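Undergrad: Here's the letter readout for the chains.
There are 2 protein chains.
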Amino acid sequence: MTRGGTPANSVTPGRLRARRALIDTYQQAVVYMRSDCAVCRAEGFEAQAQVEVVANGRHVPAIVHRVDAAWLEHDEAALSEAAWDLLGLKGGEEVSVRHATQLESLSFLRAKVYGRKLDYPSMRALIDDVSHGRMSDLHLAAFVTACAGGRLDQQEIVALTRAMVDAGDRIRWPMSPVMDKHCVGGLPGNRTSLIIVPIVAACGVVMPKTSSRAITSPAGTADTMETLAPVTLDVATMRRTVEREGGCIAWGGTAQLSPADDVLIRVERPLELDSEAQLVASVLSKKAAVGSQRVLIDLPVGLTAKVRSSAAAQSLAASLTAVGAAIGLQVQVMETDGRQPVGRGIGPALEAMDVLAVLERRADAPQDLRERALMLAGAVLEMAGRSAPGSGLALAARTLDSGQALKKFIAICEAQGGMREPPHASHCEVVPATSAGHVGAIDNRRLARAAKLAGAPQDAAAGAVIHVRLGDTVATGQPLYTLHAQSPGELAYALAYVHAQTPIVTIDPR
Amino acid sequence: MTRGGTPANSVTPGRLRARRALIDTYQQAVVYMRSDCAVCRAEGFEAQAQVEVVANGRHVPAIVHRVDAAWLEHDEAALSEAAWDLLGLKGGEEVSVRHATQLESLSFLRAKVYGRKLDYPSMRALIDDVSHGRMSDLHLAAFVTACAGGRLDQQEIVALTRAMVDAGDRIRWPMSPVMDKHCVGGLPGNRTSLIIVPIVAACGVVMPKTSSRAITSPAGTADTMETLAPVTLDVATMRRTVEREGGCIAWGGTAQLSPADDVLIRVERPLELDSEAQLVASVLSKKAAVGSQRVLIDLPVGLTAKVRSSAAAQSLAASLTAVGAAIGLQVQVMETDGRQPVGRGIGPALEAMDVLAVLERRADAPQDLRERALMLAGAVLEMAGRSAPGSGLALAARTLDSGQALKKFIAICEAQGGMREPPHASHCEVVPATSAGHVGAIDNRRLARAAKLAGAPQDAAAGAVIHVRLGDTVATGQPLYTLHAQSPGELAYALAYVHAQTPIVTIDPR
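Protein chains in written order, with our numbering: chain A, 3 to 512; chain B, 3 to 512.
Derived by calculation from the structure, the hints in this document are not laboratory data.
The reader is advised that the hints may include incorrect statements.
Intra- or inter-copy, both count: the list cannot distinguish identical chains.
Derived SDA-like pairs: lysine to any residue, alpha-carbon spacing no greater than 20 angstroms straight-line [as the list claims (entries may be wrong)]:
{"no.": "1", "residue 1": "K119", "residue 2": "G152"}
{"no.": "2", "residue 1": "K119", "residue 2": "R43"}
{"no.": "3", "residue 1": "K92", "residue 2": "A72"}
{"no.": "4", "residue 1": "K92", "residue 2": "D70"}
{"no.": "5", "residue 1": "K409", "residue 2": "R246"}
{"no.": "6", "residue 1": "K92", "residue 2": "S389"}
{"no.": "7", "residue 1": "K409", "residue 2": "P434"}
{"no.": "8", "residue 1": "K119", "residue 2": "R153"}
{"no.": "9", "residue 1": "K409", "residue 2": "R364"}
{"no.": "10", "residue 1": "K409", "residue 2": "V441"}
{"no.": "11", "residue 1": "K119", "residue 2": "G151"}
{"no.": "12", "residue 1": "K92", "residue 2": "H429"}
{"no.": "13", "residue 1": "K409", "residue 2": "G420"}
{"no.": "14", "residue 1": "K119", "residue 2": "A324"}
{"no.": "15", "residue 1": "K409", "residue 2": "E75"}
{"no.": "16", "residue 1": "K409", "residue 2": "Q104"}
{"no.": "17", "residue 1": "K92", "residue 2": "E75"}
{"no.": "18", "residue 1": "K409", "residue 2": "R153"}
{"no.": "19", "residue 1": "K92", "residue 2": "D510"}
{"no.": "20", "residue 1": "K409", "residue 2": "A327"}
{"no.": "21", "residue 1": "K409", "residue 2": "S109"}
{"no.": "22", "residue 1": "K92", "residue 2": "R60"}
{"no.": "23", "residue 1": "K409", "residue 2": "E245"}
Model, not experiment: these values are computed from the prediction.
The following block holds chain A by itself, in its conformation from the complex (with noise of 0.2 angstroms):
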């Protein structure tokens, strides 16, 4: 059998023949090799041994997975997705796996595991290499329990902020201030960068506003503008973008920012474990990387928020405003509400159509979403020096409904690649109440699920609509919320998941 690269019959010995596994083992790299081949055999590799596979110039990390199964040749190293596309192969080429050489940083990580202090190079090169896929999900499992827990004292965040920004690229911008905002989460619904960037870009404020595609809940900032626009830009159309219009609401993943901050999010979400240190850290990177000076913090507080009192807020604000000082941010934190969602769709295209609602100042708009929008829009605006203290809400207001923040934001949609239609789900079900009463709670995490298992954000039109709000009054049989599919079977997973569970909307009697 012949394959592009090498004559089937002259691999050199000890080498393998590279093969798509077609296997997603997300950021795990993966090699699988037959447990009877002479390389597994000759090196011992048992499985999971930790070593490295060299191709194509390139060498990279991965775990081992011995096959027995008839589809892997004696001849071929097959490489998970991960894998493959750190080698960027094409098939056929000649590999090399051996053991893995002891990574120097790794001591660094036992000395933090051993409760000393890290300076800025030891930062740095765990950052290193934890950017460049060279740590195992194992020793990131590790360094992310050695900085949890308070273990990280000002001193260290600052230097794990630092190495993390020197790890990656860096945007630098021509004007000044250089506005941002970032919101910590946790609260389904809360788009408001769609609605300030336009606001205070109308009004000559800077604000390139890069945000993540949504890692755990049902719609990231990106994931809802791009059923808009196109958010993934490269950094020279978001500079043409900012200089035409003065904001522009991409992905920030064409660039290299902050590069170990994604590797890390991924481990730490499995392990649950926010540290006040790694979000610090994270937050600040990403905005200092893409070169941000000024930075509204949006902190939801609530029980099913991220931070769930007001003691922990003030605690996490303390240290984003301090950390970044360190590092040249000016950093401002506002504690807003985190009890329910934030307007009524939940879900890319039902997120932009609440969005769009507002800048076009419907009737039906809700009214949350304006509100909070407009509060933070002011904030940036005085933070800015674009108004003097006490006015920017004004300021805010005036600019939305006058009609000018729509006018910019289109001109920013089309800035990006062109204004576009959200998409319409073809399935939905409402879901009642089932007693009569007061909206006593609502569930924001559980809500987001269901989200999800309706399909967002993988199916953009998908997710949840909600129509009530603490405190309102419902009859039974009033609708509560309206699930959106693209399949029924998606929907009918949603459907099942909150019949199967307590409710997410409570309703005290009255």
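Dock chain B against chain A, hints included.
TA: Only chain B this time, still in chain A's reference frame:
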């Protein structure tokens, strides 16, 4: 296509047909599904998603790997070896795959990460989940890290140890005192147990020794013994052997003794986090589970052994003794020399030959192995009350030199199922000195690595034989050590390794 279990066209919607993937992913259970199969889409399973696989009346935690290759059908779920074994499948059974329910014990894990003290019920819940394979590799890594670096106080170590004992079976012996011995490790060739057990048993002291197979070393006690007699004894055979002969040397894996231990060790090793707390819990939980009452611990100290300094040894000894007392074990620790291998052979059969040479009192027997074994056996005899303090060594020497120990060893082998000859390797090569002088240092770890590359312990006959000791005078060309292997390829790999690095045996000029 029809398989045993369910006709091809009648898989229940939402279910998949079980198939053995024949992929060894070590202890992490993996379920392979097509990314475009109905269940994956409906549940929104991403790669590495934590799920529960339900089949055959069992449920097993696993992670998802998504497949786009042709070998997996849309209605199939393929299981990695670990998952296949845990579920006890034959092939064709219907499986359902659902999002994992949150483990309750994870809240205890987080509590520990955040610095809180864990009590016995929390440790018990965590260890139960560990031993039942319910914790993902990420969570195991987080647990191991959270317990390292002195973060467990003595009460917590006691709780952890008790939880590890209680998670599995416990053997109780009618005799008393039941003696045991353990070597903390890191010293190749240190197979003193095979000499100590027959000496003390011949003196009427009961020593039902269970040992491990090698995890990262070229031979474990069980591997070495297995070249001479069967070791995979069930508990009934162990009891018969001990009742008849007063001792046994068996593999401890047939009973479920401290089942979480192996799971944790396999995560600790790649992390190289040898935390004192976990070592204490690991050793003592195994001893308590196997019914031992008085335990002698051999603690080799040396720069390339596991314990590097006398201070570290004393700290460990104090912990072993105190925790032992808290769980009803009498523990005595002896610091021994860890600067060079013991005996000459490294690898199961090669070490067995050293043991036989000592038992047979051959003139060319390695004297260091003989002397260590006698010293430790003497200490066991005194701990058992069989010898007055200070007289144990002399009794041990008499028992060995009279041939009683050899006779008892043969009887033990017969009782375990029959004595046999250790195998001999077919290929070997000498590594000579390249200069003249004195042997200044011997690198235990690299010599062990060379023995492993040569094939130990999978090939029982493979390994290394060292011909010199620290301080010996050597001439250029004099044999330093010989590598043994079953195939020319493995011999070549081991030789390539030793020649590519700094010398394993350091020769200082005269």
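Undergrad: 20 angstroms Cα cut-off: does K92 pair with D510 within a copy, between copies, both or neither?
TA: Answer is neither; intra-copy 61 angstroms and inter-copy 51 angstroms both fail.
Undergrad: How do K409 and R364 come out at 20 angstroms by Cα distance, when the copy is not named: within, between, both, or neither?
TA: within (15 angstroms within a copy, 97 angstroms between copies)
Undergrad: For the identical chains here, do K119 and G151 meet the 20 angstroms Cα criterion within one copy, between copies, both, or neither?
TA: Answer is both; intra-copy 14 angstroms and inter-copy 13 angstroms each pass.
Undergrad: Checking K409 and R153: alpha-carbon separation at most 20 angstroms within a copy, between copies, both or neither?
TA: Neither: 48 angstroms inside a copy, 58 angstroms across copies.
Undergrad: Check K92 against D70 for me: Cα-Cα at most 20 angstroms, and say if that holds within a copy, between copies, both or neither.
TA: between (24 angstroms within a copy, 17 angstroms between copies)
Undergrad: Measure nothing new, just compare the shortest in-copy and cross-copy C-alpha distances for K409 and V441 to 20 angstroms and report within, between, both or neither.
TA: neither (37 angstroms within a copy, 83 angstroms between copies)
Undergrad: When no copy is named, should K119 and G152 be tagged within, between, both, or neither for a Cα gap of at most 20 angstroms?
TA: both (12 angstroms within a copy, 15 angstroms between copies)
Undergrad: For K409 vs R246, is the C-alpha pair at or below 20 angstroms within one copy, between two copies, both, or neither?
TA: Only inside one copy: K409 and R246 sit 14 angstroms apart there, 94 angstroms across copies, limit 20 angstroms.
Undergrad: How would you classify K409 and A327 at a CA-CA limit of 20 angstroms: within, between, both, or neither?
TA: Intra 35 angstroms, inter 78 angstroms, cutoff 20 angstroms: neither.
Undergrad: Up to 20 angstroms between alpha-carbons, please classify K409 paired with S109: within, between, both or neither.
TA: neither (55 angstroms within a copy, 49 angstroms between copies)
Undergrad: With identical chains, the pair K92 and A72 could be close in the same copy or across copies; at 20 angstroms between alpha carbons, which is it: within, between, both, or neither?
TA: between (22 angstroms within a copy, 18 angstroms between copies)
Undergrad: If the cut is 20 angstroms between Cα atoms, do K92 and E75 qualify within a copy, between copies, both or neither?
TA: within (18 angstroms within a copy, 25 angstroms between copies)
The structure fails hints 2, 6, 7, 10, 12, 15, 16, 18, 19, 20, 21 (numbered hints given earlier, in ascending order).
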